[in-house]
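J.: Letter by letter, the chains look like this.
Number of protein chains: 2
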Amino acid sequence: MNNLRIELAKNLKPKPQDETKLGFGDIFTDHMFLMDYDEGQGWHDARIVPYGPLPLDPAAMALHYSQEVFEGMKAYRAEDGRILLFRPQENFARLNRSNDRVCIPQIDEEFALQALIELLKIEKDWVPHLKDTSLYIRPFIIASDAHLGVRPANSYLFVIILSPSGPYYKEGLNPVKLYVENNYVRTVRGGTGMAKTGGNYAASLKAQVEAHEQNYSQVLWLDGVEKKYIEEVGAMNVFFVIDGEVITPELVGSILPGITRKSCIEMLRGMGYKVTERRLSIQEVAEAYKAGKLDEAFGTGTAAVISPIGHIKWGDLIMDINNNEIGDISMKLYNELTGLQWGRIPDPYGWVVEVK
Amino acid sequence: MNNLRIELAKNLKPKPQDETKLGFGDIFTDHMFLMDYDEGQGWHDARIVPYGPLPLDPAAMALHYSQEVFEGMKAYRAEDGRILLFRPQENFARLNRSNDRVCIPQIDEEFALQALIELLKIEKDWVPHLKDTSLYIRPFIIASDAHLGVRPANSYLFVIILSPSGPYYKEGLNPVKLYVENNYVRTVRGGTGMAKTGGNYAASLKAQVEAHEQNYSQVLWLDGVEKKYIEEVGAMNVFFVIDGEVITPELVGSILPGITRKSCIEMLRGMGYKVTERRLSIQEVAEAYKAGKLDEAFGTGTAAVISPIGHIKWGDLIMDINNNEIGDISMKLYNELTGLQWGRIPDPYGWVVEVK
Ligand SMILES: Cc1ncc(COP(=O)(O)O)c(C=O)c1O
Ligand SMILES: Cc1ncc(COP(=O)(O)O)c(C=O)c1O
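Top to bottom, those sequences are chains A and B. Counting in numbering that gives the first Met the number 0, the first sequence runs from 0 upward without gaps. Counting in numbering that gives the first Met the number 0, the second sequence runs from 0 upward without gaps.
Simulated from the structure, these hints should not be mistaken for laboratory data. Predicted, not measured: the structure shown is a model, and the values here were computed from it. Mixed in with the good hints, there may be bad ones.
One copy or any two copies: either way a pair holds, since identical chains are not told apart in the list.
Unchecked claim - In silico EDC-like cross-links for lysine to aspartate or glutamate, where the CA-CA straight-line distance does not exceed 20 Å:
1) Lys261 to Glu212
2) Lys289 to Asp17
3) Lys176 to Asp107
4) Lys12 to Glu265
5) Lys9 to Glu335
6) Lys312 to Glu324
7) Lys355 to Asp37
8) Lys205 to Glu38
9) Lys331 to Glu109
10) Lys289 to Glu249
11) Lys355 to Asp79
12) Lys292 to Glu209
13) Lys331 to Glu225
14) Lys312 to Glu109
15) Lys227 to Glu18
16) Lys227 to Glu249
17) Lys12 to Asp242
18) Lys289 to Asp25
19) Lys273 to Asp131
20) Lys226 to Asp294
21) Lys14 to Asp315
22) Lys12 to Asp56
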């Protein structure tokens, strides 16, 4: 690749010995990708260098005004040793949409993907082998100017780091317990919900902590305006199966357009299911539940793939879904998605990109 | 002070020669305050060290999930050379309220103030002398763990940096032009608006850029729920004088509880004005304007002190306020506040803290 300088690490770190013990997002590989942006000059100095601290000025704007965006994707090792990516173009396209929302200059998506592939070729031995493990990929961009007034920065740093990881939820495919969040709001239409930018996650922490204290894994977020309509679950998109119809909240601006969500919709339609994207109130879900028509519910996201929902508490109402077991549709999606991602089944969609 | 290690810089930077050319937040002094937090250990290792880059792991959580809070205050040089702070206890109390909202551990407010005073004693020659200049003080806390899952961090860095600054708005006390923002939302009830955390500012950038493109200095934010009620102006609180009554939006959770706002309310009441904190719709302001009863409007904040509002556009309606001149109440508040802050008038409130 032209325009990409490579400086290899002199000493390599030991790779995780026992892949059954891999956590999520705690271990980082030997190298990272970096690229600078400066006003007038554009993006420049793309390089792969040894993983190490970023020397940020204490006044770097990302540390004060959270002008920062990120992505999350994975590299999967197939049984035959190939290394695969799942719809990586979608992640870089979303990164650019996030950039737009918080006034970060656009990146060259094709160049970013090529740079990621170069980085993965260098780090290929870091992609773990055990079932359900993967190399988590974190591209992110931060405002790096040393300036304390509120305005878009004039310089940025684009970074890609890699982390060999086990499953996101220790529970694995076991159904999770949620409650409907009534106090806190993650984001609202007109805000930054459709962008993958840090502030949305900072806003969600307190709800998550309170949920854990009460032995729930996540909260079910309602819209910030009417506090009626379902938005997401934790940091995943959410689907409900009501009377055979698969329903997921439509993308109204406050919801992250998940790539797993999009893929599930396409796969389900391919399988012949009726899939509807529309506003869905918690009231409607509760009524379906009472009428015995709430067949399944699940969250979708790169980290957890499919996360079946077994239990939802809304005020005094407890909804136990599908006897707290994983449902048929959830299971089919899980098998199909993980099958594609780990190269176990053929890819009729053209979604899988091999690193070679 | 016990528990505060001091390491002085070997070489001092040149101080700004021409104080008429001071910008805002671009120059930093020779030293900074740092303190670490680690789970199990609490806050520890408070130190004043030479100003320099923070070596942050690329996976430091603040760079991904914006778990970060900050404050903004100033050190003022009185004509007799004394260095003064304005209600600094309020800033550290607000920092702790912001901490609470984004799950950052509480700091010892009294200790933080003492540490700031020690830092200011070392940096006293950096407090500029020219009228309307000051040493801007930026305390901030960032999540520093290297971890990529969404959860509160286990380690944090508390930093205080100092920046000799001129007036925030180049326009000075000239009335600013605003329009009412209809698309974007800064924050919403249940969100993080009452906390000084980066995500609120990232969310506001795009509106600000679009306003500048149209030759407006700021936007007037409406509430994110009904899009009716006035919240703030840019990064300031806002006051309207209607028919002699001073009205400012009540603190409903999405509004930052400004210290200048609080001080203005107390001062105005002391001067005998009727001051009301309540919901105020843009419709009501427009009707007051049409009836010839909108006497004045102004923003309040540490950076700009008082910023008179001369022009507000709401859809097709243009409101020209007080002939685009600074109003009586704005002028009185400006004189009183700056008089106290720069030690030109006696302080009956006990708000001024001398650095000595
Ligand atoms: C808030 C939020 N919603 C949904 C998702 C799921 O998106 P994706 O399927 O692209 O991973 C994520 C994770 O990326 C997220 O952070
Ligand atoms: C969003 C916002 N509103 C209001 C203010 C004014 O607060 P204060 O008067 O404490 O500076 C600030 C600045 O601190 C702010 O950032």
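J.: Next step is simple, just say for each hint if it's right about the structure.
T.: Cross-check of the supplied hints:
1. Taking the shortest Cα distances, Lys261 and Glu212 never come within 20 Å of each other, neither inside one copy (32 Å) nor across copies (35 Å).
2. Taking identical chains as interchangeable, the C-alpha atoms of Lys289 and Asp17 are never at most 20 Å apart, the minima being 46 Å within one chain and 74 Å between chains.
3. In this assembly of identical chains, Lys176 and Asp107 lie within 20 Å of each other by CA distance neither inside one copy nor across copies; the values are 41 Å within and 37 Å between.
4. Taking CA atoms no more than 20 Å apart as the test, Lys12 paired with Glu265 passes in neither setting, with 41 Å inside one copy and 60 Å between copies.
5. For the homomeric pair Lys9 and Glu335, neither the shortest alpha-carbon distance inside one copy (41 Å) nor that between copies (63 Å) is at most 20 Å.
6. For the homomeric pair Lys312 and Glu324, the shortest alpha-carbon distance inside one copy (17 Å) is at most 20 Å, but the shortest distance between copies (56 Å) is not.
7. For a Cα distance limit of 20 Å, the shortest separation of Lys355 from Asp37 qualifies neither inside one copy, at 32 Å, nor across copies, at 42 Å.
8. Taking identical chains as interchangeable, the C-alpha atoms of Lys205 and Glu38 lie at most 20 Å apart only when they sit on different chains, with a minimum of 17 Å there against 37 Å within one chain.
9. Taking the shortest Cα distances, Lys331 and Glu109 never come within 20 Å of each other, neither inside one copy (32 Å) nor across copies (58 Å).
10. For the identical chains of this complex, Lys289 and Glu249 are neighbours neither inside a copy (24 Å) nor across copies (41 Å), given an alpha-carbon limit of 20 Å.
11. Proximity of Lys355 and Asp79 under a CA criterion of 20 Å is satisfied intra-copy only: 14 Å inside one chain copy versus 71 Å between copies.
12. In the homo-oligomer, the alpha carbons of Lys292 and Glu209 never lie at most 20 Å apart, since the shortest distance is 30 Å inside one protomer and 47 Å across protomers.
13. For the homomeric pair Lys331 and Glu225, neither the shortest alpha-carbon distance inside one copy (34 Å) nor that between copies (41 Å) is at most 20 Å.
14. Taking the closest pair of Cα atoms, Lys312 and Glu109 never come within 20 Å of each other, the shortest separation being 44 Å inside a single copy and 42 Å across copies.
15. For a Cα distance limit of 20 Å, the shortest separation of Lys227 from Glu18 qualifies neither inside one copy, at 43 Å, nor across copies, at 55 Å.
16. For the homomeric pair Lys227 and Glu249, the shortest alpha-carbon distance inside one copy (14 Å) is at most 20 Å, but the shortest distance between copies (25 Å) is not.
17. For the identical chains of this complex, Lys12 and Asp242 are neighbours neither inside a copy (52 Å) nor across copies (71 Å), given an alpha-carbon limit of 20 Å.
18. In this homomeric assembly, Lys289 and Asp25 never come within 20 Å of each other (Cα to Cα): the closest approach is 42 Å inside a single copy and 61 Å across copies.
19. With identical chains, the CA atoms of Lys273 and Asp131 are never at most 20 Å apart, being 29 Å at best within one copy and 66 Å at best between copies.
20. For the homomeric pair Lys226 and Asp294, neither the shortest alpha-carbon distance inside one copy (24 Å) nor that between copies (37 Å) is at most 20 Å.
21. In this assembly of identical chains, the alpha carbons of Lys14 and Asp315 never lie at most 20 Å apart, being 49 Å within a copy and 64 Å across copies at closest.
22. Within a single copy, Lys12 and Asp56 get their C-alpha atoms only as close as 28 Å, which misses the 20 Å cut-off; across copies the closest is 16 Å, which meets it.
When held up to the earlier numbered hints, the structure conflicts with 1, 2, 3, 4, 5, 7, 9, 10, 12, 13, 14, 15, 17, 18, 19, 20 and 21 and fits the remainder.
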